[in-house]
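**Student:** Spelled out, the chains give:
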Amino acid sequence: EAGVTQFPSHSVIEKGQTVTLRCDPISGHDNLYWYRRVMGKEIKFLLHFVKESKQDESGMPNNRFLAERTGGTYSTLKVQPAELEDSGVYFCASQKTGRTEAFFGQGTRLTVV
Amino acid sequence: GQSLEQPSEVTAVEGAIVQINCTYQTSGFYGLSWYQQHDGGAPTFLSYNALDGLEETGRFSSFLSRSDSYGYLLLQELQMKDSASYFCAVRYSSASKIIFGSGTRLSIRP
Chain A
17 EAGVTQFPSH
27 SVIEKGQTVT
37 LRCDPISGHD
47 NLYWYRRVMG
57 KEIKFLLHFV
67 KESKQDESGM
77 PNNRFLAERT
87 GGTYSTLKVQ
97 PAELEDSGVY
107 FCASQKTGRT
117 EAFFGQGTRL
127 TVV
Chain B
91 GQSLEQPSEV
101 TAVEGAIVQI
111 NCTYQTSGFY
121 GLSWYQQHDG
131 GAPTFLSYNA
141 LDGLEETGRF
151 SSFLSRSDSY
161 GYLLLQELQM
171 KDSASYFCAV
181 RYSSASKIIF
191 GSGTRLSIRP
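Protein sequences, first through last, are from chains A and B.
Count along the first sequence starting at 1, add 16, and that's the number in my numbering.
Count along the second sequence starting at 1, add 90, and that's the number in my numbering.
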């Protein structure tokens with residue numbers, strides 16, 4: 017079984033540019049989460065999808081961030097326009113409904129310069 | 091509100107036992123999980139407690155006291171490879187988001 021995959025693994029962009037991160041969850045996992053970890057601090061919740069619906073987006077920092085999960089499969093997280101404080105490692109995790117374990121991807125390290 | 095507290099750093103000696111505590115405040119509670127993250131890696135699931143008591147998985151054990159809103163992760167026979175960050179995480183319903191603590195960086199000395 018393939019794990020959660022994220023693309024790209026690294027991205028360096030200039031302030032004001034746009035970046036789109038992609039997450040492919042484990043097949044059959046209805047729950048998909050986006051998290052961000054900044055400078056070794058907490059793993060901060062951003063968004064929770066159940067299938068294609070946004071169950072909870074209370075962690076999205078502002079309207080520069082847009083997440084989609086069309087068809088309930090892969091998800092994208094777009095940052096437009098990027099700011100310096102958006103730098104960090106963005107993790108995606110997926111979870112099968114009713115199970116306790118969430119599986120994380122390797123993350124995308126975003127650096128905004 | 092929802093918040094979790096755990097120590098930022100813990101140092102221990104190889105072969106010893108270490109306990110990492112976690113206290114939580116949530117508007118509801120469904121279960122407490124623990125995750126391990128090595129530098130540059132992905133968080134990986136270690137354990138889950140929904141009921142009071144101790145869950146043991148090899149060298150790792152996790153404890154929960156719902157009445158005290160408290161749990162801990164116990165690591166025995168520490169190995170150098172156990173050096174990592176450890177996160178406690180809670181969810182307040184079966185369908186809700188998972189909230190992570192700030193993480194405890196465990197450093198192990200020979």
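Don't take every hint at face value.
Think about it this way: if two alpha-carbon atoms lie no more than 30 Å apart in a straight line, the pair counts; the simulated DSBU-like pairs of lysine-lysine are [claimed, not checked]:
no., chain 1, residue 1, chain 2, residue 2
1, A, K112, B, K171
2, A, K94, A, K112
3, A, K57, A, K70
4, B, K171, A, K57
5, B, K171, A, K60
6, A, K94, A, K57
These are calculated hints, taken from the structure and not from any lab test.
**Student:** Against each hint, give a clear statement of whether it holds in the structure.
**Tutor:** Taking the hints in turn, this is what the structure says about them:
1. K112(A) - K171(B): holds (29 Å)
2. K94(A) - K112(A): Holds - the C-alpha atoms of K112(A) and K94(A) are around 24 Å apart, at most 30 Å.
3. K57(A) - K70(A): holds (25 Å)
4. K171(B) - K57(A): holds (21 Å)
5. K171(B) - K60(A): holds (25 Å)
6. K94(A) - K57(A): It holds: about 22 Å lies between the C-alpha atoms, which stays within 30 Å.
Checked against the numbered hints listed earlier, the structure breaks none of them; every hint is satisfied.
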